[in-house]
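S.K.: Spelled out, the chains give:
2 protein chains.
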Amino acid sequence: MIIEVWSDVVCPWCYIGKRRLEKALAAFPHADDVEVVWRSYQLDAGAPVTPTETVAESLGRKYGGGEAAGRRMIDNVEAVAAEEGLVYRLHQAQRANTVDAHRLLHLALAEGGPVRQGALKEALLAAYFTEARNVADHAVLRAVATSAGLAADRVDAVLAGEEYRDEVWADIEQAQAFGAGGVPFFVVDRKYGVSGAQPVEVFTQVLERAWADTHPVLEMVPGGDACGPDGCEV
Amino acid sequence: MIIEVWSDVVCPWCYIGKRRLEKALAAFPHADDVEVVWRSYQLDAGAPVTPTETVAESLGRKYGGGEAAGRRMIDNVEAVAAEEGLVYRLHQAQRANTVDAHRLLHLALAEGGPVRQGALKEALLAAYFTEARNVADHAVLRAVATSAGLAADRVDAVLAGEEYRDEVWADIEQAQAFGAGGVPFFVVDRKYGVSGAQPVEVFTQVLERAWADTHPVLEMVPGGDACGPDGCEV
Chain A
1 MIIEVWSDVV
11 CPWCYIGKRR
21 LEKALAAFPH
31 ADDVEVVWRS
41 YQLDAGAPVT
51 PTETVAESLG
61 RKYGGGEAAG
71 RRMIDNVEAV
81 AAEEGLVYRL
91 HQAQRANTVD
101 AHRLLHLALA
111 EGGPVRQGAL
121 KEALLAAYFT
131 EARNVADHAV
141 LRAVATSAGL
151 AADRVDAVLA
161 GEEYRDEVWA
171 DIEQAQAFGA
181 GGVPFFVVDR
191 KYGVSGAQPV
201 EVFTQVLERA
211 WADTHPVLEM
221 VPGGDACGPD
231 GCEV
Chain B
1 MIIEVWSDVV
11 CPWCYIGKRR
21 LEKALAAFPH
31 ADDVEVVWRS
41 YQLDAGAPVT
51 PTETVAESLG
61 RKYGGGEAAG
71 RRMIDNVEAV
81 AAEEGLVYRL
91 HQAQRANTVD
101 AHRLLHLALA
111 EGGPVRQGAL
121 KEALLAAYFT
131 EARNVADHAV
141 LRAVATSAGL
151 AADRVDAVLA
161 GEEYRDEVWA
171 DIEQAQAFGA
181 GGVPFFVVDR
191 KYGVSGAQPV
201 EVFTQVLERA
211 WADTHPVLEM
221 VPGGDACGPD
231 GCEV
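In the order they appear, the protein sequences are chains A and B.
Position 230 (the first sequence) corresponds to 230 in the UniProt record's numbering; numbering is contiguous.
Position 70 (the second sequence) corresponds to 70 in the UniProt record's numbering; numbering is contiguous.
To be clear, the hints were calculated from the coordinates, so they are not data collected in a lab.
A quick note: this is a predicted structure, and the numbers were derived from the prediction, not measured.
Where hints are given, some of them may not hold.
[What the hints assert, rightly or not] Calculated cross-link-like contacts (lysine-lysine; reagent style DSBU-like; alpha-carbon spacing at most 35 Å):
(1) K23(B) - K62(B)
(2) K191(B) - K23(B)
(3) K23(A) - K191(B)
(4) K23(A) - K191(A)
(5) K62(B) - K191(A)
(6) K23(B) - K191(A)
(7) K62(A) - K23(A)
[As the list claims (entries may be wrong)] Each pair of labels, with its calculated beta carbon distance range:
(8) A45(A) - D166(B): 30 to 36 Å
(9) A110(A) - A45(B): 50 to 56 Å
(10) G223(A) - G223(B): 36 to 42 Å
(11) A26(A) - Y63(B): 56 to 62 Å
(12) A177(A) - G223(B): 18 to 24 Å
(13) A45(A) - G113(B): 49 to 55 Å
(14) R72(A) - G228(B): 16 to 22 Å
(15) G179(A) - Q176(B): 26 to 32 Å
Every residue, glycine too, gets a C-beta built ideally from N, C-alpha and C.
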């Protein structure tokens, strides 16, 4: 089974949804046969590389009410994050572009596979939400990526060029093709979609259903007239 | 979609089930995307190549009541066959082995594909049930197979040797693995099983369900908290 998760590095519900999916997987008996792959999504492709405002300011500007309103929104989501054991420091965080982070996530997947990519995804989310670091900054990205086991020379080469930019756009287009209006957006075996950070039980149900699909016992319609070793029903 | 049908050439319910499946397929809007493959099953692997008794005698011996009881069983199944437009002449038919017929069905599939195999299957059933011919006899098999478009030299080579014998046994083992207690036994996309000659509506329902499975729209669980272009739900 493969679970693809469309997600952004700066999306508060994405980290929360990641934890809920992980809880469901921890209790899932066939978790060893499940591969999780992270797909790119940019909530705010216009965000700058060098921050110009805090997250609170950005939210207040976007939705009205100013920084104070932004701070209340942050308080709300931090409370939910705390329930999942996540420490958010979004009051310190700054609005930043994520395209380079996503390019590194593609590098991790291509050259290290899903496990390496998963380590980088977790490290990037922690860097932004818990450490309030600028995940657009190349020095930050380099430190986070190498701590997650990526080769420094490849990280540098990707950051210096345009590698994996097309893959990032292709992911975003795929999400739109699936009708995802936002993230996190979970797709299991390209068959089931889960929109948003749903309760653990929802992930559990979808996992069980997808597993049954790929490990079918014949669904039988018994009882028709037939001939067997002991003769025909006549 | 692929429909595999475990079936024997001398099985009265198999020909009836074939007609019912065909009726369902004739009304199925995606029939062009359905492939029907015939799998081997032997109801009576101990039957002789050179017949020693009529079907009526064989039935009477096996279930008691003698030839008269056998004739009543034949009358019953012939009445059902007639409802499907099939003319059975089982009173004239003789008990005969079908392993060579099944080997030719494998030849037809391997070298001519499902359409050729389907033509041979129909011709063999007609030869046995309507024409009361001995489908164990190599001259009969040769005539039937070549009339269905098989190459005479390949038919002769297969009949003279042991080709496709393993494939016949493998089919029978697969049927047992699926829990088929008799034939006809229909398997759609290795997901749905239909045991016996069921009504046309049952085939229609299974076809529709299997089609929906292989042409999925994402089954969505909507409504979780998410972040979109217009912000996060906080």
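S.K.: None of the hints should be skipped; say for each whether it holds.
M.R.: A quick look at each hint next to the structure:
1. K23(B) - K62(B): 33 Å, holds
2. K191(B) - K23(B): With a Cα-Cα distance of about 21 Å, the restraint between K191(B) and K23(B) holds, given a limit of 35 Å.
3. K23(A) - K191(B): 30 Å, holds
4. K23(A) - K191(A): Satisfied, since the Cα-Cα distance of roughly 21 Å is no more than 35 Å.
5. K62(B) - K191(A): It is violated: about 51 Å lies between the C-alpha atoms, which goes past 35 Å.
6. K23(B) - K191(A): Measuring from Cα to Cα gives roughly 31 Å; hence the hint holds.
7. K62(A) - K23(A): Given that 35 Å is the threshold and the Cα spacing comes to 33 Å, the pair holds.
8. A45(A) - D166(B): 30 to 36 Å: This hint is violated: roughly 60 Å between Cβ atoms.
9. A110(A) - A45(B): 50 to 56 Å: 55 Å, holds
10. G223(A) - G223(B): 36 to 42 Å: 40 Å, holds
11. A26(A) - Y63(B): 56 to 62 Å: 58 Å, holds
12. A177(A) - G223(B): 18 to 24 Å: 20 Å, holds
13. A45(A) - G113(B): 49 to 55 Å: Holds: the Cβ-Cβ distance is about 51 Å, inside 49 to 55 Å.
14. R72(A) - G228(B): 16 to 22 Å: 19 Å, holds
15. G179(A) - Q176(B): 26 to 32 Å: About 44 Å separates the Cβ atoms of G179(A) and Q176(B), which means 26 to 32 Å is violated.
Of the numbered hints listed earlier, those contradicted by the structure are 5, 8, 15.
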